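Peer 1: So the protein lines, in turn, are chains A and B.
One point on numbering: in my numbering, the residue at position 111 of the first sequence is 111, and numbering is uninterrupted.
One point on numbering: in my numbering, the residue at position 75 of the second sequence is 75, and numbering is uninterrupted.
Rather than coming from a laboratory, the hints here were simulated on the basis of the structure.
Hints are supplied without guarantee of correctness; some may be wrong.
If you only want the chain B side, here are some residues facing chain A, beta carbon under 8 Å, derived [unchecked claim]:
no.	residue
1	44
2	46
3	48
4	49
5	51
6	55
7	57
8	139
9	141
10	148
11	152
12	198
13	201
14	202
15	206
16	281
Everything numeric in this text was worked out from a predicted model, so none of it was measured.
Positions of the beta carbon are idealized from the N, C-alpha and C atoms, including for glycine.
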Amino acid sequence: MLRYATKRLLIAVPMLLMASFVMFLMVSFSGDPLSRIRSQDPPPPPEALESLEKQLGLDKPVLERYVIWLFGLFRGDFGQSIMNIDIGAELGNRVTVSFRLIFLAIIIAAVVAVIVGVVGALRQYGFVDNVVSTVVFVLLAVPVFWLGVLLKHWAVSFNETVGSTVFYTIGDGSRQNATGLALIGFLVLPTIVLTVNVFASWSRYVRASMVEVMNADYMKLARAKGLSRGQAVWKHGLRNALLPFVTIVALDFSALVGGAVVTESVFQWRGMGDFLLTGIRNLDVNVVMAWLLIFAAATILMNLIADLVYGLLDPRIRHS
Amino acid sequence: MTVTDPSLSLVEAAVPVQGRSRMPAFLRRYLRNRVSVAALIVFLLILVFAFVGPMVWKYSFDVFTDDNSQPPSLDHPFGTDSSGYDTLAQVMRGTQRSVQIALFVALTATIIGAVVGALAGYYGKLVDAVIMRIVDLVLVFPSVAVAAVLAYMSMGTETSWITIAIVLSLLAWPIVARVVRSTALTLAGTEYVQAARGAGATDLSIIVRHLIPNSMGTITVAVTVLTATAILSETSLSYLGFGVQPPDTSLGLLIANAQAAIITRPWIFYFPGFFIILIALTSSFIGDGLRRALDPRQSAGAGS
Numbered sequence: 001m002l003r004y005a006t007k008r009l010l011i012a013v014p015m016l017l018m019a020s021f022v023m024f025l026m027v028s029f030s031g032d033p034l035s036r037i038r039s040q041d042p043p044p045p046p047e048a049l050e051s052l053e054k055q056l057g058l059d060k061p062v063l064e065r066y067v068i069w070l071f072g073l074f075r076g077d078f079g080q081s082i083m084n085i086d087i088g089a090e091l092g093n094r095v096t097v098s099f100r101l102i103f104l105a106i107i108i109a110a111v112v113a114v115i116v117g118v119v120g121a122l123r124q125y126g127f128v129d130n131v132v133s134t135v136v137f138v139l140l141a142v143p144v145f146w147l148g149v150l151l152k153h154w155a156v157s158f159n160e161t162v163g164s165t166v167f168y169t170i171g172d173g174s175r176q177n178a179t180g181l182a183l184i185g186f187l188v189l190p191t192i193v194l195t196v197n198v199f200a201s202w203s204r205y206v207r208a209s210m211v212e213v214m215n216a217d218y219m220k221l222a223r224a225k226g227l228s229r230g231q232a233v234w235k236h237g238l239r240n241a242l243l244p245f246v247t248i249v250a251l252d253f254s255a256l257v258g259g260a261v262v263t264e265s266v267f268q269w270r271g272m273g274d275f276l277l278t279g280i281r282n283l284d285v286n287v288v289m290a291w292l293l294i295f296a297a298a299t300i301l302m303n304l305i306a307d308l309v310y311g312l313l314d315p316r317i318r319h320s
Numbered sequence: 001m002t003v004t005d006p007s008l009s010l011v012e013a014a015v016p017v018q019g020r021s022r023m024p025a026f027l028r029r030y031l032r033n034r035v036s037v038a039a040l041i042v043f044l045l046i047l048v049f050a051f052v053g054p055m056v057w058k059y060s061f062d063v064f065t066d067d068n069s070q071p072p073s074l075d076h077p078f079g080t081d082s083s084g085y086d087t088l089a090q091v092m093r094g095t096q097r098s099v100q101i102a103l104f105v106a107l108t109a110t111i112i113g114a115v116v117g118a119l120a121g122y123y124g125k126l127v128d129a130v131i132m133r134i135v136d137l138v139l140v141f142p143s144v145a146v147a148a149v150l151a152y153m154s155m156g157t158e159t160s161w162i163t164i165a166i167v168l169s170l171l172a173w174p175i176v177a178r179v180v181r182s183t184a185l186t187l188a189g190t191e192y193v194q195a196a197r198g199a200g201a202t203d204l205s206i207i208v209r210h211l212i213p214n215s216m217g218t219i220t221v222a223v224t225v226l227t228a229t230a231i232l233s234e235t236s237l238s239y240l241g242f243g244v245q246p247p248d249t250s251l252g253l254l255i256a257n258a259q260a261a262i263i264t265r266p267w268i269f270y271f272p273g274f275f276i277i278l279i280a281l282t283s284s285f286i287g288d289g290l291r292r293a294l295d296p297r298q299s300a301g302a303g304s
């Protein structure tokens with residue numbers, strides 16, 4: 001197990017380095033961050049442009065810029081922002097806000113997906129399964145932002161009927177200094193919106209792998225040696241069916257982050273989503289890079305954890 | 001697959017002989033499932049709506065009418081927005097753009113993914129290792145974010161639908177490559193592939209003649225699944241303002257413009273959303289039907 005864990009870790013680190021390099025090249029070649037300033041009317045003096053280029057390091061070749069940026073990271077320096085934002089300071093708050101939403105959604109989606117998937121598999125092509133499958137297919141097809149706007153609209157009318165603000169439809173609660181339980185009002189709607197697509201797709205995986213497991217020989221053996229259906233499912237089925245699911249959760253992490261960007265935008269959160277979108281609009285390359293780096297690192301970390309959990313749960317890997 | 005003589009197939013349809021029909025077995029299995037057939041029909045109707053509709057409908061998506069903020073009526077079945085644009089015409093045009101992008105992404109990404117996946121699975125070892133690391137690398141980044149960076153930072157508001165389609169394809173192929181690779185890995189070890197190699201077939205001809213045709217099931221399903229995900233990615237991107245840009249329009253852009261009017265002019269919000277759901281839903285039902293038809297083992301006991 002230790003060898004397995006070390007091996008996984010040794011893959012993760014170069015992976016992150018490669019990812020940071022690819023992303024640096026991608027952002028550097030996708031456009032000139034000063035194009036907006038260059039096309040200003042009246043045109044800014046060439047000396048001012050040159051000094052700005054020097055300040056942002058744009059006069060150096062890409063590889064050199066990458067190395068400087070990378071070494072800056074080790075000192076906690078994310079580079080100069082065109083809009084003069086202190087990137088490091090800005091990140092702290094926003095990361096908390098966004099990851100709270102993302103992890104809440106992962107947990108809820110996973111739990112609901114397992115329940116729905118297992119029930120569907122045990123009642124395969126029965127009435128319950130057909131109804132649930134249809135609902136799941138519809139939920140898979142609903143665009144995140146459309147559902148978000150719709151829920152906001154419903155919440156506003158609900159609040160009006162009740163006469164007090166139960167569900168907040170704008171902001172992440174930091175402006176109201178909401179903490180602890182008070183945050184729930186802010187989190188409910190965005191979490192539902194973000195959970196819906198993911199839970200629907202995960203429940204299909206759980207259902208499919210549970211169906212496969214139910215037909216496996218060891219399940220027949222478990223029944224033959226006298227276990228009830230429920231016991232067999234609980235002791236042998238679930239564990240084998242959920243093993244591949246761990247990997248799926250990690251694999252879908254980056255898709256979930258994409259969904260979170262859209263969700264945060266619908267609810268006008270000042271989280272990582274807004275950070276990225278404003279960064280792109282302003283062609284603020286270092287902001288965009290800080291964002292990509294954080295989520296690339298998070299994705300790689302999620303995959304590493306999934307590999308380790310898989311190793312812990314699967315005796316074939318644990319004892320190798 | 002052989003070319004079917006229409007007269008022959010008519011005779012056979014009239015006198016069904018078990019096991020002698022010219023229709024491929026998987027197609028017959030597909031057509032037996034009512035939901036899959038309905039999904040296919042609805043999807044084809046959407047295509048007609050999107051591509052033929054704008055040619056025959058009396059209003060154009062970019063020309064004002066004299067009616068502002070009209071609820072749905074006979075003259076404007078989907079109503080109009082506050083500037084007087086006919087929502088039906090806009091939804092037709094938006095559907096056209098969104099479907100165009102989704103199909104482009106599904107086909108391009110599937111072709112790239114199938115070729116790359118087949119190469120990885122066939123050659124194995126170093127080629128496989130390198131390809132799969134590239135695949136992992138692309139999948140590390142959230143595609144909506146990267147697409148926004150690539151399409152918007154390079155083109156700004158000049159972004160055209162084809163740029164977005166290309167960018168989304170470049171981000172979507174790894175998913176297909178993964179699936180095709182695992183099929184190709186199994187196939188590469190089979191006896192007929194080894195026989196072909198023994199008979200002196202080149203690697204290229206084995207991949208083109210054996211691996212890809214035999215992974216066709218996986219590949220077909222991938223096209224439909226990707227159509228559904230691509231339409232959701234494109235509309236999200238356009239909703240955020242980094243996708244299709246005005247004066248052109250897409251279903252995502254229509255919803256972005258309509259979100260403030262959900263109370264006063266709900267029709268301009270509901271109709272585009274309804275079409276996104278319909279397209280994504282029918283393509284995943286078609287995909288599910290294909291999967292069942294291609295893998296009869298899975299649909300054992302399927303009564304409906």
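Peer 1: Each hint: holds or not?
Peer 2: Outcome of the hint check:
1. 44: At about 17 Å, which exceeds the 8 Å cut-off, the nearest Cβ of chain A leaves the hint on residue 44 of chain B violated.
2. 46: Constraint on residue 46 of chain B not satisfied, violated at 13 Å.
3. 48: Because about 20 Å separates residue 48 of chain B from the closest Cβ in chain A, which is outside the 8 Å limit, the hint is violated.
4. 49: violated (17 Å)
5. 51: Violated: closest Cβ of chain A sits about 21 Å from residue 51 of chain B, beyond 8 Å.
6. 55: This hint is violated: residue 55 of chain B lies away from chain A, its Cβ roughly 27 Å from the closest one there, beyond 8 Å.
7. 57: violated (24 Å)
8. 139: With a minimum Cβ separation of about 7 Å from chain A (threshold 8 Å), the hint on residue 139 of chain B holds.
9. 141: This hint holds: residue 141 of chain B lies near chain A, its Cβ roughly 6 Å from the closest one there, short of 8 Å.
10. 148: holds (5 Å)
11. 152: Residue 152 of chain B check passes; min Cβ-Cβ to chain A is 6 Å, inside 8 Å.
12. 198: violated (34 Å)
13. 201: violated (35 Å)
14. 202: Because about 33 Å separates residue 202 of chain B from the closest Cβ in chain A, which is outside the 8 Å limit, the hint is violated.
15. 206: violated (30 Å)
16. 281: holds (4 Å)
Consistency note: the structure conflicts with the earlier hints numbered 1, 2, 3, 4, 5, 6, 7, 12, 13, 14 and 15.
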